[in-house]
Amino acid sequence: MALLPLKLCDIPNLITSLRILLVAPFLWLLLQERYGAALLLFVIAGISDALDGFLAKYYGWTSELGGLLDPIADKLLLMGAILALGWLDELPGWLVMLVILRDLMILGGAVAYHLLIERFQAAPLMISKLNTLIQLTLVCTIIIHYGLIALPAWLLIGLIYLTALTTLWSGAAYLWRWGSRAWHRIRRPPPPSHRNPR
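Under our numbering, the first residue of the sequence shown is numbered 1139, with each subsequent residue one higher.
Source of the hints: derived by calculation from the structure; they are not laboratory data. A quick note: this is a predicted structure, and the numbers were derived from the prediction, not measured. Possibly wrong hints are sitting among the right ones.
Claimed, not checked - Straight-line Cα separation of at most 20 Å, DMTMM-like style, residue types lysine to aspartate or glutamate; simulated pairs:
1. K1267 with D1212
2. K1213 with D1241
3. K1267 with E1171
4. K1195 with E1171
5. K1195 with D1227
6. K1267 with D1241
Kindly produce the complete structure, drawing on both the sequences and the hints.
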C-alpha cells in the first residue's frame, strides 16, 4: 500500500507525533535515574513543542488533528514526569495527587459539559498556561537537582508550593468558568416559536 505523500502543512503534526514517541524513553530514563539523558530528551521535547507551535501559527499549518495531538503530547510528557518523580520520592505525594485530581476534574467537567449542555470547545485559561509553565519548570529543576547539580532547598520548596497554588487556582478557575456557563445555558429561556398563528 502506497504511503500518503507528506505535505508541508503536515510537518507540525509529524513533530508532535515524534514528541509523543519520546515520552516512553524519557520516562524509562527517569525511572532508571539516568537524569542527564532524561534531561536531554526533556529539552528536545520542549524545543519540538516550541517549533511545531511556531510553524503552525506562522505559516498557518494548523489542523484539527494538530489541535488534538499537541495537548495530548504535552500532557503525556508532563504527567508522566510528575508521576515518575513522585514514584522516586523526589516530589511529595500530596502534590502528585493534587495535579492528578485537578486534571481529572477538568476532564470530567469537560465530558459532562459536552454530553449534558453543548459541544465543548477547549479554551485554555491564562492561569492554566502559567500552571503548565511552572510544572515544566519544576520538573526540569528537580531533574537538574538530582542529576546534575544540587540546587538550593528554598528554590525547590518554593517551586513545589507555587505549583500547588497555581494548580488549585487553575482548577478553581475552570470550575467557575464552565460551571457558570452551564448554569446560564440551563437558565436561558427557549427561543420564541415562529409558527404562524392559525
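Structure-based check of all given hints:
| no. | hint | in the structure |
| --- | --- | --- |
| 1 | K1267 with D1212 | 12 Å, holds |
| 2 | K1213 with D1241 | 10 Å, holds |
| 3 | K1267 with E1171 | 28 Å, violated |
| 4 | K1195 with E1171 | 36 Å, violated |
| 5 | K1195 with D1227 | 39 Å, violated |
| 6 | K1267 with D1241 | 13 Å, holds |
Comparing the model with each earlier hint shows violations of hints 3, 4 and 5; every other hint is respected.
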